[in-house]
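Participant: For reference, the chains in residue letters:
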Amino acid sequence: MNNTILVVDDEEAIRNLLERAFTKAGYTVHSAESGEEALEILKQENIQVMFLDLKLPGMSGVELCTKIRKDKPIALIYAMTAYTSLFELADCREAGFDDYFTKPFELKVLFKAAEDAFEKIERWKKR
Amino acid sequence: MYTADPRPIGTEKPVRLLIVEDDPGDARLVRLALTESGHPCEMEVAERVSTALERLHDSVFDLVLLDMGLPDSQGIDTVSKVHAECPNIPIVVLTGLDDEDIGVQAVRIGAQEYLVKEDISSNLLKRTITYAIERKQAEEERLEREKLQSILEIAGAVCHELNQPMQAISGYSEMLMADISKDNPLYEDFKEIKRQIVRMADITKKLMRITRYETRDYIGGTKIIDIDKAIEVPKVPKVS
Chain B
774 MNNTILVVDD EEAIRNLLER AFTKAGYTVH SAESGEEALE ILKQENIQVM FLDLKLPGMS
834 GVELCTKIRK DKPIALIYAM TAYTSLFELA DCREAGFDDY FTKPFELKVL FKAAEDAFEK
894 IERWKKR
Chain L
144 MYTADPRPIG TEKPVRLLIV EDDPGDARLV RLALTESGHP CEMEVAERVS TALERLHDSV
204 FDLVLLDMGL PDSQGIDTVS KVHAECPNIP IVVLTGLDDE DIGVQAVRIG AQEYLVKEDI
264 SSNLLKRTIT YAIERKQAEE ERLEREKLQS ILEIAGAVCH ELNQPMQAIS GYSEMLMADI
324 SKDNPLYEDF KEIKRQIVRM ADITKKLMRI TRYETRDYIG GTKIIDIDKA IEVPKVPKVS
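For the protein sequence lines, the chains are B and L, in the order given. Residue numbering for the first sequence follows my numbering, starting at 774 and increasing by one per position. Residue numbering for the second sequence follows my numbering, starting at 144 and increasing by one per position.
Please keep in mind that the hints were generated in silico from the structure rather than gathered at the bench. Don't take every hint at face value.
[What the hints assert, rightly or not] Keeping only pairs whose Cα atoms sit at most 16 Å apart, straight-line, the calculated EDC-like set for lysine to aspartate or glutamate is:
hint, chain 1, residue 1, chain 2, residue 2
1, B, Lys881, L, Glu317
2, L, Lys334, B, Glu784
3, L, Lys337, B, Asp844
4, B, Lys885, L, Glu317
5, L, Lys260, L, Asp242
6, B, Lys828, L, Glu304
[Said to hold, decoys possible] For the chain L half of the interface with chain B, some residues (derived, Cβ under 7 Å), not all of them:
hint, residue
7, His303
8, Asn306
9, Gln307
10, Met309
11, Ala311
12, Ser313
13, Gly314
14, Ser316
15, Met318
16, Ile340
17, Ala344
18, Asp345
[As the list claims (entries may be wrong)] Far from chain L, some chain B residues (derived; all Cβ distances over 10 Å):
hint, residue
19, Asn775
20, Lys797
21, Glu813
22, Thr875
23, Lys876
For each residue, glycine too, the CB sits at the ideal point set by N, CA and C.
Generate the whole structure from the sequences, applying the supplied hints.
Facilitator: Now the structure itself:
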């Protein structure tokens, strides 16, 4: 079973943290510091679960999600943000994010999200 | 800091005017016109800009009627001096027939209005003073709002920046906790770090909530919220 996760965050400390945490939890992790880099990775890898920071240099997390969503209708894409407003959340939903996590969040919350995400994908495959 | 009283001429409280004019004849003319207008005014005359600045410093006025040609200050410089001393008090400049251009210039650097002395009538003076005070008041309120908005925006941005390191601290603590047994004395220490982060996060969240609403929705009058979007339930694919 494919258990690969993509993490996109421009902050190195957060990227490393999530990379290490998810790896330790048994997932294969790819990480990118920008939307452009993320799209490059997605060209090479088949990834269905991803966590994107909303505030990225260049292409924003919302733009990135919109782009990914076009090719991956069943992927589970989660937003990570240090600042949420109703307006931003509305944008998130429109862009196709499945849910969002406000920083600082607990790692176990993300683990649960990843676990549920892979479970859903498995179930959808069986249908 | 003193802000001009918003009440226009005609309401109960008399308008306090400082007439800065060295020509006693012109000063008398202005006094007369104001008395004829029938509105309660308290007038004081200063013949020099230095005296005017002292009076503005010591007392409270609603408006300054300012002649620009004074023994100790000439032209546009006079307006700059008074405006610099009391940026919150509306200034109406008095000019002669020949120097209307300077009047326009005075308005550019902070005066509310200019009046050509030869044209002064009770009605014109009354109207000019009322509008100058009201306009200045509106301007001050707008500036206050803008100032508050910038402060709130900065506060919001600071919260945003703080949440990033807080995420790292909390996350790394959580990882370390997972690595050691609960009996390890360090476990409680890491737990305490996490607890403190939760406390900080609570503060930034509260602050962000304020900045969000204040800056985007409430300030500037009408509260705008897209109800449909605000109450929309996240679109999670249905799984049977």
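Participant: Against each hint, give a clear statement of whether it holds in the structure.
Facilitator: Results for each hint:
For the suggested pair Lys881 (chain B) and Glu317 (chain L), the alpha carbons sit about 9 Å apart, so the restraint of at most 16 Å is met. At most 16 Å may separate the alpha-carbon atoms for a hinted pair to count; Lys334 (chain L) and Glu784 (chain B) exceed this at roughly 24 Å. The straight-line distance between the Cα atoms of Lys337 (chain L) and Asp844 (chain B) is roughly 39 Å, outside the 16 Å bound, and the hint therefore fails. Among the hinted pairs, Lys885 (chain B) with Glu317 (chain L) is consistent with the structure: their alpha-carbon atoms are about 15 Å apart, no more than 16 Å.
Under the criterion of a C-alpha separation no larger than 16 Å, the hint pairing Lys260 (chain L) with Asp242 (chain L) is consistent with the structure, at around 11 Å. With a C-alpha separation of about 11 Å, the suggested pairing of Lys828 (chain B) with Glu304 (chain L) holds against the 16 Å cut-off. With 7 Å as the threshold, the beta carbon of His303 (chain L) comes within range of chain B, its nearest partner Cβ sitting at about 4 Å, so the hint holds. A least Cβ separation of about 4 Å between Asn306 (chain L) and chain B falls short of the 7 Å threshold, and the interface hint therefore holds.
The beta carbon of Gln307 (chain L) comes within 5 Å of a beta carbon in chain B, closer than 7 Å, and the hint placing it at the interface holds. At a threshold of 7 Å, the smallest CB-CB gap from Met309 (chain L) to chain B is about 4 Å, leaving the interface hint in force. Proximity of Ala311 (chain L) to chain B holds as hinted, the smallest CB-CB distance being about 4 Å (cut-off 7 Å). Restraint check, Ser313 (chain L) versus chain B: the minimum CB separation of about 5 Å is within 7 Å; hint holds.
A cut of 7 Å between beta carbons decides the hint on Gly314 (chain L): the least distance to chain B is about 4 Å, and the hint holds. Contact between Ser316 (chain L) and chain B, as hinted, is not supported at the beta carbon level, the nearest pair being about 10 Å apart and thus beyond 7 Å. Interface restraint check: Met318 (chain L) against chain B, minimum CB-CB distance 6 Å, threshold 7 Å, status holds. Restraint check, Ile340 (chain L) versus chain B: the minimum CB separation of about 6 Å is within 7 Å; hint holds.
Hint on Ala344 (chain L) holds. Least Cβ distance to chain B is approximately 5 Å, under the 7 Å limit. Here the hint on Asp345 (chain L) is broken, as its CB sits about 11 Å from the closest CB of chain B, past 7 Å. The beta carbon of Asn775 (chain B) is kept farther than 10 Å from every beta carbon of chain L, the shortest such distance being approximately 18 Å. With a cut of 10 Å on Cβ distances, Lys797 (chain B) falls inside the contact zone with chain L, its closest approach being about 7 Å.
At roughly 24 Å, the least C-beta separation between Glu813 (chain B) and chain L is larger than 10 Å, which holds for a residue marked as non-interface. At the 10 Å boundary, the C-beta of Thr875 (chain B) falls inside the reach of chain L, the nearest C-beta of that chain being 8 Å off. Annotated as non-interface, Lys876 (chain B) brings its C-beta within 10 Å of a C-beta of chain L; the closest such distance is 4 Å.
The earlier numbered hints that this structure contradicts are 2, 3, 14, 18, 20, 22 and 23.
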